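*Asks:* If you want the building blocks of each chain, they are given just below.
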Amino acid sequence: DAGVIQSPRHEVTEMGQEVTLRCKPISGHDYLFWYRQTMMRGLELLIYFNNNVPIDDSGMPEDRFSAKMPNASFSTLKIQPSEPRDSAVYFCASSFKTQETQYFGPGTRLLVL
Amino acid sequence: QKEVEQNSGPLSVPEGAIASLNCTYSDRGSQSFFWYRQYSGKSPELIMFIYSNGDKEDGRFTAQLNKASQYVSLLIRDSQPSDSATYLCAVIPGGTSYGKLTFGQGTILTVHP
Chain P
571 DAGVIQSPRH EVTEMGQEVT LRCKPISGHD YLFWYRQTMM RGLELLIYFN
621 NNVPIDDSGM PEDRFSAKMP NASFSTLKIQ PSEPRDSAVY FCASSFKTQE
671 TQYFGPGTRL LVL
Chain A
1166 QKEVEQNSGP LSVPEGAIAS LNCTYSDRGS QSFFWYRQYS GKSPELIMFI
1216 YSNGDKEDGR FTAQLNKASQ YVSLLIRDSQ PSDSATYLCA VIPGGTSYGK
1266 LTFGQGTILT VHP
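Read top to bottom, the protein sequences are chains P and A. Numbered by our numbering, the letters in the first sequence go through residues 571 to 683 in order. Numbered by our numbering, the letters in the second sequence go through residues 1166 to 1278 in order.
The set of hints was computed from the structure by calculation and includes no laboratory data. In this text the structure is predicted, and so the values were computed from the model without any measurement. Among the hints, a few may not be true.
Computed list of lysine-lysine pairs in PhoX-like fashion (alpha-carbon distance at most 25 Å, straight line) [stated by the list, open to error]:
| id | chain 1 | residue 1 | chain 2 | residue 2 |
| --- | --- | --- | --- | --- |
| 1 | P | K594 | P | K648 |
| 2 | P | K638 | P | K594 |
| 3 | P | K594 | A | K1232 |
| 4 | A | K1221 | A | K1265 |
| 5 | P | K638 | P | K667 |
| 6 | A | K1167 | P | K648 |
| 7 | P | K667 | A | K1221 |
| 8 | A | K1265 | P | K648 |
| 9 | A | K1265 | P | K594 |
| 10 | A | K1265 | P | K638 |
| 11 | A | K1232 | A | K1207 |
| 12 | A | K1265 | A | K1167 |
| 13 | A | K1221 | A | K1232 |
| 14 | P | K638 | A | K1232 |
| 15 | A | K1207 | A | K1265 |
| 16 | A | K1232 | A | K1167 |
| 17 | P | K667 | P | K594 |
| 18 | P | K648 | P | K638 |
Between beta-carbon pairs, the in silico distance windows are [stated by the list, open to error]:
| id | chain 1 | residue 1 | chain 2 | residue 2 | range |
| --- | --- | --- | --- | --- | --- |
| 19 | A | Q1196 | P | N620 | 12 to 22 Å |
| 20 | A | H1277 | P | E670 | 27 to 37 Å |
| 21 | P | N620 | A | G1181 | 37 to 47 Å |
| 22 | P | T646 | A | Y1216 | 43 to 53 Å |
| 23 | P | I575 | A | S1205 | 16 to 26 Å |
| 24 | A | G1181 | P | N641 | 32 to 42 Å |
| 25 | P | G598 | A | G1224 | 25 to 35 Å |
| 26 | A | K1167 | P | G586 | 40 to 50 Å |
| 27 | A | S1173 | P | R655 | 34 to 44 Å |
| 28 | P | P651 | A | E1222 | 24 to 34 Å |
| 29 | A | H1277 | P | K648 | 25 to 35 Å |
Glycine residues also receive a C-beta, built at the ideal position from the N, C-alpha and C atoms.
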């Protein structure tokens, strides 16, 4: 298996622009997680899905952030409009319910100028 | 008080020594505890998880859990330079749903030859 796939790997954009991050979980995994990592705040859970349904989005910082999972093999995290404080590494992870291991993707490094 | 606290380090040990990484958590109802390793510029990967009080060993790694003291640790025996990384402690707080990990800030470990 190729593991969790994320795109793009790097994104540089200007403040006010829309940013869309993409994730393909490991085939057969029924949980998908979006995390954000910064030096100041560490690794934070933003939202997670079970069987494509959002279960907990309490970590989403504000209305500028939205996430969707239209099918079992694809999820997006969108920031609109983006701000410099959104600069971070965004990780997607997936897992089976019966296994506690969450497998992380390589991350997307986002820089908002 | 942060939910999960770790000494940020850096912790420096000589090759072949035992590295001891510590983590405390605030929610007494927490049930599941995890150690992730993150190499610089890479994504976190699970090393071990522990649910019950006591020790759990896996190769050179031993996780120790003391729920009464709200303390979990990771010992790395015969440390190697390849163990140099940031180690993240993660907890699923009590009363939260599956998979909702709360991470500590991480401890940077350097193993020098």
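*Asks:* All the hints need checking, so say for each whether the structure fits it.
*Replies:* Each hint, compared with the structure:
1. For the hint pairing K594/P with K648/P, the CA-to-CA distance comes to about 15 Å; that is within 25 Å, so the pair holds.
2. Under the criterion of a C-alpha separation no larger than 25 Å, the hint pairing K638/P with K594/P is consistent with the structure, at around 12 Å.
3. A threshold of 25 Å between alpha carbons decides the hint, and for K594/P with K1232/A the separation of about 36 Å lies outside it, so the pair is violated.
4. Restraint check for K1221/A and K1265/A: satisfied, since their Cα atoms lie roughly 22 Å apart, inside the 25 Å limit.
5. With a C-alpha separation of about 20 Å, the suggested pair K638/P and K667/P falls inside the 25 Å cut-off, and the hint holds.
6. Taken as a hint, the K1167/A and K648/P pair is broken in the structure, with Cα atoms around 28 Å apart against an allowance of 25 Å.
7. With a C-alpha separation of about 22 Å, the suggested pairing of K667/P with K1221/A holds against the 25 Å cut-off.
8. Taken as a hint, the K1265/A and K648/P pair is honoured in the structure, with Cα atoms around 21 Å apart against an allowance of 25 Å.
9. For the proposed pair K1265/A and K594/P, the alpha carbon gap of about 20 Å is at most 25 Å, so the pair holds.
10. The suggested pairing of K1265/A with K638/P holds, with an alpha-carbon distance near 18 Å, which does not exceed 25 Å.
11. Restraint check for K1232/A and K1207/A: not satisfied, since their Cα atoms lie roughly 31 Å apart, outside the 25 Å limit.
12. Distance check on the hinted pair: K1265/A and K1167/A sit about 16 Å apart at the alpha-carbon level, within 25 Å; holds.
13. Pair hint K1221/A plus K1232/A holds up; C-alpha atoms about 14 Å apart against a cutoff of 25 Å.
14. With a C-alpha separation of about 37 Å, the suggested pairing of K638/P with K1232/A is violated against the 25 Å cut-off.
15. Distance check on the hinted pair: K1207/A and K1265/A sit about 21 Å apart at the alpha-carbon level, within 25 Å; holds.
16. Under the criterion of a C-alpha separation no larger than 25 Å, the hint pairing K1232/A with K1167/A is consistent with the structure, at around 17 Å.
17. Proposed proximity of K667/P and K594/P is supported: the alpha carbons are some 17 Å apart, at most 25 Å.
18. Of the supplied pair hints, the one linking K648/P and K638/P holds, its CA atoms being roughly 8 Å apart against a limit of 25 Å.
19. Taken as a hint, the range 12 to 22 Å holds for the pair Q1196/A and N620/P, whose Cβ atoms sit roughly 19 Å apart.
20. Our hint of 27 to 37 Å for H1277/A and E670/P holds, since their Cβ atoms are close to 33 Å apart.
21. Our hint of 37 to 47 Å for N620/P and G1181/A holds, since their Cβ atoms are close to 44 Å apart.
22. For the pair T646/P and Y1216/A, the beta carbons lie near 34 Å from each other, so the given range of 43 to 53 Å is not met.
23. For I575/P paired with S1205/A, a C-beta distance near 21 Å keeps the hint of 16 to 26 Å intact.
24. G1181/A and N641/P have their C-beta atoms about 50 Å apart, which leaves the hinted 32 to 42 Å range violated.
25. Here the CB-CB span from G598/P to G1224/A is close to 27 Å, well matched to the stated 25 to 35 Å.
26. At about 33 Å, the beta-carbon gap between K1167/A and G586/P misses the expected band of 40 to 50 Å.
27. Taking 34 to 44 Å as the suggested C-beta distance range, the pair S1173/A and R655/P does not conform, at roughly 22 Å.
28. Distance hint for P651/P and E1222/A: a CB-CB separation of about 50 Å, inconsistent with the stated range 24 to 34 Å.
29. Distance hint check for H1277/A and K648/P: the Cβ-Cβ separation is about 44 Å, which falls outside the suggested range of 25 to 35 Å.
When held up to the earlier numbered hints, the structure conflicts with 3, 6, 11, 14, 22, 24, 26, 27, 28, 29 and fits the remainder.
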